[in-house]
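Asks: As given, the protein sequences belong to chains A and B, one line each in that order.
For the first sequence, my numbering puts the final residue at 164, and the numbers step up evenly by one.
For the second sequence, my numbering puts the final residue at 580, and the numbers step up evenly by one.
Just to be clear, a hint being listed does not mean it is correct.
One side of the interface only, derived from the structure: several residues of chain A facing chain B at Cβ under 7 Å [to be verified]: (1) D13; (2) P108; (3) D109; (4) A111; (5) I113; (6) N116.
Distance windows between CB atoms, simulated [unchecked claim]: (7) A/F137 - B/E579: 46 to 56 Å; (8) B/E325 - A/T161: 31 to 41 Å; (9) A/T161 - B/G535: 54 to 64 Å.
By construction, these hints were calculated from the structure, which means they are not laboratory data.
Built from N, CA and C at the ideal position, the CB exists for glycine as well.
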Amino acid sequence: MRVWKFGDNIDTDAIIPGRYLIHNDPAVLALYAFEGIRNEFAGGVRKGDIVVAGRNFGCGSSREHAPLALIGSGIGIIIARSFARIFYRNAVNVGILPLVCQRADEIPDGADITVNLNQHTIEYRGKEFLTEPVPGFLQDIINAGGLVAYARDLEEVQTCTGSQ
Amino acid sequence: MGATIVEKIFSLRCGRKVRAGEVVMAPVDRAMIHDITGPLAIRNFSEMGGEKVFDPRGVIMLFDHQVPADSIAAAENQAFMRMFAKDQGIFNYDVHEGICHQVVMEKGLAAPGEIIVGADSHTCMYGASGAFATGIGSTDMGFVLKFGSLYFRIPESIRTEVSGKFPWRVGAKDLILAITRDIGADGATYQAIEFAGETISGMGMDGRMTLCNMAIEMGAKAGIVPPDMTTYRYFEGRRAVTPVDLTSDPDAEYDGRRTYDVSELSPQVAIPHNVDQVVPVEDVTGTRVDQVFIGSCTNGRFEDLAEAAEVLSDRIFSDSVRVIIIPASRDEYLKALRAGLIERFVSAGALVEAPCCGPCMGGAFGLLAPGEVSLSTSNRNFRGRQGSTEASVYLCSPATAAASALYGQITDPREV
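One chain only, chain A, in its complex shape (with noise of 0.2 Å):
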């Protein structure tokens, strides 16, 4: 699947200007991604290829327009270094799976790559990078396809509960 690659820091700015917040709809917001960063980006990206990125991608705003946008695109699967806290868990939250991998610096734009998800492993090249595993809490809300799919079937939740 093909590669889209960013560098560190890519904010919530830079994946949806704020001028483009008015919008909720993910394949309206997805006309905008990038837009003055990558403006090929929205016109090129097709379903299932991967953004591939540096430190700290999606900080800044809280805005869920941002995985949204990139849901809108087609991307299931985000690889990074690291990841800014709110963006990471409203990706895993909206339905994105964003992977943290140490070696993303590796793999170039336009990269043909494989993700082994039951393996944590992507491949390129011959070569095999390690992924670490999201948090036990977040992975059962991927398992569910989301916090809203995860969410509709709870009568209540307990406080105060712990969990892995």
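Assemble chain B onto chain A, guided by the hints.
Replies: This is chain B only, laid out in the frame that chain A set:
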């Protein structure tokens, strides 16, 4: 083993000892939504099967990013939220009060020991009152609206001890920019930053808010100041709160400790395009500026406006620069109005707008053309944050902003 302030808050609210690193489903005291993130949160709440919010009095709603509505789509978002508020019995501050974070603070809606979430990253500002407050996305907010609780990973803390007296025309904004430079844009990811020491004890709530507001710029989950007499005095006339002991234990475990002495600190400026790219003002004096913005949740309070007015004195702003001044809230606006600051600014050539996020949001007004330079007292200088991705944004204190607005170029406030 002792506990940090954050561990104490979660232990208090959970009724058992909770340590950093644990994941707990914790009760939320209050949840804030605004015109940008609110519509999605409400939609998610409904899709989760939510019918009644966990507690209508626990939901804070207001509009501040695009007010008054600047497009039909923005107006529709606000109309949708008004209807939800009416259906649910939620009090809606609507467009009347100002920037969400300032309003939460001045209405006394974030008290020591409380857990507050907001669908906005700068929610961390309420740590200034000794609350644990953090920004979340709209789906997490939908969950909170339904259940009144959320999974939290209890963050480790970084302790920042600050000593010394600020030099003339140097203050909290310069300190937090210097701290951001040192910790870095992701240096506190998933952590809380505690601000303590004699300088913080002597600092007013306005400065504490400026510090905690920018914790997110280091990736932090929260910023927090131990509540003291200054905190409890702030609540007088706002809300009756019972003091709680939230001082960190001397043997609490930290991920890191930093000490600062501000007595030699110079005015600091964050240069494009990251908040941790910070230099002393001396390094960038003379940089041409097209627009100066004094406002935002970081620096739009009365004290900030007074600081700018003191630098301005009876002079006028350079006619080569557009000066936009926006008080953070209606209360702050009234204070500035009564003190004569608004008249002073308007006479000097500034545009004074009604309380809102203004150019900081980069979506409403005050946008930049390619090649233009903005100097702003707000919190983010990301590429494209205030308009064109080919424009530049510098961040600074109200004093530096006012001094620079006098000359149309970045200017050291100690030299005007």
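Asks: Where does the structure disagree with the numbered hints, that is, which hint numbers, in rising order?
Replies: 2, 3, 4, 5, 6
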